[in-house]
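The residues making up each chain are set out below.
Number of protein chains: 4
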Amino acid sequence: MGTSYTALKEECYYANMELNRLGLVIYTFGNVSAADRSKGVFAIKPSGVPYEDLQPHDMVVLDFNNTLVEGKLRPSSDTRTHALLYKQWESIGGIAHSHALYSVAWAQAQRDIPILGTTHADHLTTDIPCTPPMADALIQGNYEHNTGVQILDCFRERRLSHQEVEMVLLGNHGPFTWGTTAAKAVYNSKVLETLAQMACLTLQINPQAPRLKASLIQKHYDRKHGSDAYYGQEPN
Amino acid sequence: MGTSYTALKEECYYANMELNRLGLVIYTFGNVSAADRSKGVFAIKPSGVPYEDLQPHDMVVLDFNNTLVEGKLRPSSDTRTHALLYKQWESIGGIAHSHALYSVAWAQAQRDIPILGTTHADHLTTDIPCTPPMADALIQGNYEHNTGVQILDCFRERRLSHQEVEMVLLGNHGPFTWGTTAAKAVYNSKVLETLAQMACLTLQINPQAPRLKASLIQKHYDRKHGSDAYYGQEPN
Amino acid sequence: MGTSYTALKEECYYANMELNRLGLVIYTFGNVSAADRSKGVFAIKPSGVPYEDLQPHDMVVLDFNNTLVEGKLRPSSDTRTHALLYKQWESIGGIAHSHALYSVAWAQAQRDIPILGTTHADHLTTDIPCTPPMADALIQGNYEHNTGVQILDCFRERRLSHQEVEMVLLGNHGPFTWGTTAAKAVYNSKVLETLAQMACLTLQINPQAPRLKASLIQKHYDRKHGSDAYYGQEPN
Amino acid sequence: MGTSYTALKEECYYANMELNRLGLVIYTFGNVSAADRSKGVFAIKPSGVPYEDLQPHDMVVLDFNNTLVEGKLRPSSDTRTHALLYKQWESIGGIAHSHALYSVAWAQAQRDIPILGTTHADHLTTDIPCTPPMADALIQGNYEHNTGVQILDCFRERRLSHQEVEMVLLGNHGPFTWGTTAAKAVYNSKVLETLAQMACLTLQINPQAPRLKASLIQKHYDRKHGSDAYYGQEPN
Numbered sequence: 001m002g003t004s005y006t007a008l009k010e011e012c013y014y015a016n017m018e019l020n021r022l023g024l025v026i027y028t029f030g031n032v033s034a035a036d037r038s039k040g041v042f043a044i045k046p047s048g049v050p051y052e053d054l055q056p057h058d059m060v061v062l063d064f065n066n067t068l069v070e071g072k073l074r075p076s077s078d079t080r081t082h083a084l085l086y087k088q089w090e091s092i093g094g095i096a097h098s099h100a101l102y103s104v105a106w107a108q109a110q111r112d113i114p115i116l117g118t119t120h121a122d123h124l125t126t127d128i129p130c131t132p133p134m135a136d137a138l139i140q141g142n143y144e145h146n147t148g149v150q151i152l153d154c155f156r157e158r159r160l161s162h163q164e165v166e167m168v169l170l171g172n173h174g175p176f177t178w179g180t181t182a183a184k185a186v187y188n189s190k191v192l193e194t195l196a197q198m199a200c201l202t203l204q205i206n207p208q209a210p211r212l213k214a215s216l217i218q219k220h221y222d223r224k225h226g227s228d229a230y231y232g233q234e235p236n
Numbered sequence: 001m002g003t004s005y006t007a008l009k010e011e012c013y014y015a016n017m018e019l020n021r022l023g024l025v026i027y028t029f030g031n032v033s034a035a036d037r038s039k040g041v042f043a044i045k046p047s048g049v050p051y052e053d054l055q056p057h058d059m060v061v062l063d064f065n066n067t068l069v070e071g072k073l074r075p076s077s078d079t080r081t082h083a084l085l086y087k088q089w090e091s092i093g094g095i096a097h098s099h100a101l102y103s104v105a106w107a108q109a110q111r112d113i114p115i116l117g118t119t120h121a122d123h124l125t126t127d128i129p130c131t132p133p134m135a136d137a138l139i140q141g142n143y144e145h146n147t148g149v150q151i152l153d154c155f156r157e158r159r160l161s162h163q164e165v166e167m168v169l170l171g172n173h174g175p176f177t178w179g180t181t182a183a184k185a186v187y188n189s190k191v192l193e194t195l196a197q198m199a200c201l202t203l204q205i206n207p208q209a210p211r212l213k214a215s216l217i218q219k220h221y222d223r224k225h226g227s228d229a230y231y232g233q234e235p236n
Numbered sequence: 001m002g003t004s005y006t007a008l009k010e011e012c013y014y015a016n017m018e019l020n021r022l023g024l025v026i027y028t029f030g031n032v033s034a035a036d037r038s039k040g041v042f043a044i045k046p047s048g049v050p051y052e053d054l055q056p057h058d059m060v061v062l063d064f065n066n067t068l069v070e071g072k073l074r075p076s077s078d079t080r081t082h083a084l085l086y087k088q089w090e091s092i093g094g095i096a097h098s099h100a101l102y103s104v105a106w107a108q109a110q111r112d113i114p115i116l117g118t119t120h121a122d123h124l125t126t127d128i129p130c131t132p133p134m135a136d137a138l139i140q141g142n143y144e145h146n147t148g149v150q151i152l153d154c155f156r157e158r159r160l161s162h163q164e165v166e167m168v169l170l171g172n173h174g175p176f177t178w179g180t181t182a183a184k185a186v187y188n189s190k191v192l193e194t195l196a197q198m199a200c201l202t203l204q205i206n207p208q209a210p211r212l213k214a215s216l217i218q219k220h221y222d223r224k225h226g227s228d229a230y231y232g233q234e235p236n
Numbered sequence: 001m002g003t004s005y006t007a008l009k010e011e012c013y014y015a016n017m018e019l020n021r022l023g024l025v026i027y028t029f030g031n032v033s034a035a036d037r038s039k040g041v042f043a044i045k046p047s048g049v050p051y052e053d054l055q056p057h058d059m060v061v062l063d064f065n066n067t068l069v070e071g072k073l074r075p076s077s078d079t080r081t082h083a084l085l086y087k088q089w090e091s092i093g094g095i096a097h098s099h100a101l102y103s104v105a106w107a108q109a110q111r112d113i114p115i116l117g118t119t120h121a122d123h124l125t126t127d128i129p130c131t132p133p134m135a136d137a138l139i140q141g142n143y144e145h146n147t148g149v150q151i152l153d154c155f156r157e158r159r160l161s162h163q164e165v166e167m168v169l170l171g172n173h174g175p176f177t178w179g180t181t182a183a184k185a186v187y188n189s190k191v192l193e194t195l196a197q198m199a200c201l202t203l204q205i206n207p208q209a210p211r212l213k214a215s216l217i218q219k220h221y222d223r224k225h226g227s228d229a230y231y232g233q234e235p236n
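Residue numbers (the working numbering), protein chains in the order written: chain A, 1 to 236; chain B, 1 to 236; chain C, 1 to 236; chain D, 1 to 236.
If you are wondering where the hints come from, they were derived from the structure by calculation, not from laboratory data.
It does not matter which identical chain is meant; a pair holds if it fits inside one copy or across any two.
As a list, the in silico DMTMM-like pairs of lysine to aspartate or glutamate whose alpha-carbon atoms are at most 20 Å apart: (1) Lys39 - Glu90; (2) Lys213 - Glu144; (3) Lys224 - Glu144; (4) Lys224 - Asp136; (5) Lys72 - Glu52.
All figures in this text were calculated on a predicted structure; none of them were measured in a lab.
Next comes chain A alone, as it looks inside the complex (with noise of 0.2 Å):
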């Protein structure tokens, strides 16, 4: 019999296994949680649960304080990092967590993923930010709460905004990709992933490459996502 979180904890899991059949993520690793911004609570995947053992009624359900409401597992160890970021970032209803190879591997490098092409273009106008490594005080404190805390400086910092960028690198750590459903943060790890490995591959063969200028930056994003959009069947 199902509860009132009944079609949350679904979503949050198909978009969990997507995460997984989309090998962005093995074993254990990685997280996908979809909020349910009427009744102000989240659904995550439990912790060190294999994919393929995971069931729709495992996820875990919590409020934006990082209160347990519903679940009989433990959560996701980095449950408060999507906590915090759903009270902040109030338009968001989804967050994904993962240990992508090529996103992995910039955010190791402490790099930010330069824009050097359309593909970048039609998805955000920006490099794709790596935050610094956390401060000691920090990691000692509340180690996972503070990760959100550090995304949410890093954007402040540099005047991004969470609706056009929906992705970031934790330095030395992995991404964190976000959006309006799961689903479309799932997606935006496949997207970043792929970007990860087009920058990776571009730098080999021309460590010079250039960033992409300014006004086809404009106009790919535009044409997706700008007032005049003309990609896709939705009227904008």
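Got chain A; can you put chains B, C and D on it based on the hints?
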């Protein structure tokens, strides 16, 4: 019930699905079109529809001036590029555009792919051209039409034959390929991606790897495409 | 009809098949063993048998002095290495050896894999050690036994705990991994290959990428393995 | 109804399909042949037929002077290379040619693949030879026959045994491998591709990675192929 464009739409549909099956595109990236020269039209993928949702009857039919002939969905945002190439190059019957990783990497590196071996020479006798980034005035004009103009200009300036060189890289963007049929255009996209990966690895192993010498280029091209070709089963 | 080793052979068989399924070995490369400490024996893959032909009853059972206990086939050529590690390290219950690409590449490069990120620190707190090439006298002696000696020496000299560091690279050769069970040993082989690929890509993007700082190493290791671990579902 | 070559054609067919299944060829690239020494003939893939359309009875049978014995289709364009190797090297029973990515990359780089580890030494004791580009006069003559001549010359000049070294890279072109059967030739193509990728990655991680020392080369080769070999199940 079919229309007089049913067969053309099916050709277009299967070529698009093949582009996805070959691993050259994810999500809604990429597009393939197929032309019917006797009717003066081409069918193309609708914009922003995921491959798993595509149906043959979703394909959009237009003439070579980009006028809609049949279809309920908005055509690919790159449609004007296809239209112009069909209009100017009367021998081609199919065009494919992807965001395949290694092809995009060379395009973002703004480098021609040098002819380094016989796999390349089996398909064309020159480097694979990469166009320079488009001028700002053209970007802000009819961008997709001008993308076609840029390809035509590149071939004219370099004195390349579009019947011998069936592929190009758009600088900062990615590959366009074509051929007598949509299936052949997709084949050329896969060949291009393979040549792009081989060239990338070759220069990693030996940054001074020499171009293939003229006699070997000619030999390999001629045994497949020359007047005395002896590759394959068809009489020449 | 089974013997008293039937369950052990099945554990060993399934772990070997998993090594193959994970893409870490091809043909007859690699081998996994599983120990039964209560009986003082281990089961291991027979030598040179392709994975698709393997059956659970083909596994060979030996004691920790390398004496055959049960089995009709010749055991893996690396059996003496397994026997010595079981004899000296009483806490381990499974060992895996593969020729996975990135792990072998680091072994052939004769380089420790530096700890560059949290994916690494989730599993161990040190660089992954690579032993130096074996001395000629040892190669010409009891080679596989001496391979085990070399691993033991490496851990002793570097003051590494085989319970904390469950993996090693044999210089010029490839990876050995272990754990409390054969399945855990195989898991560690996959983790090692992932870390090897991440480190390779990281240094490609930034040859000066710094090691993970001590506070982050400790934090990530402790949240999974420390006395107050909060990762996963098991009580600690 | 079968002919006296039915079994040979089937051996050849299955070896060709395996080359494709292993990911070493796409489309119509590559070809495998199988010899029947008692009848003085070999069967080979027809030219330019996609793997999914191949049937066992499509295989073409010729003698070692390249004279057609049985078959309705035109044989592979590389047939004369196969014929010459069978004629000169009486111990071999199968030959494979592919355009596998890493093997081609080393061939295009015009570099021998150095012996860097035990995976390599498990199969051969020397670097994998890469022939220089062919002289123009030979290219314009009987090209495919001369390709065979070039392989024979390379082995003679370097004093390599074709029974110990069952693989070669043709400079600018790609790999040829052989063995006592067609299946063994295909196995060697997969091993070569693996060694090519391992060597490429090794030198990426450490451009000064040393060659494997002589004592380890001998040890690993001998335990598989020496007079006291103890690898595998067959008595030596």
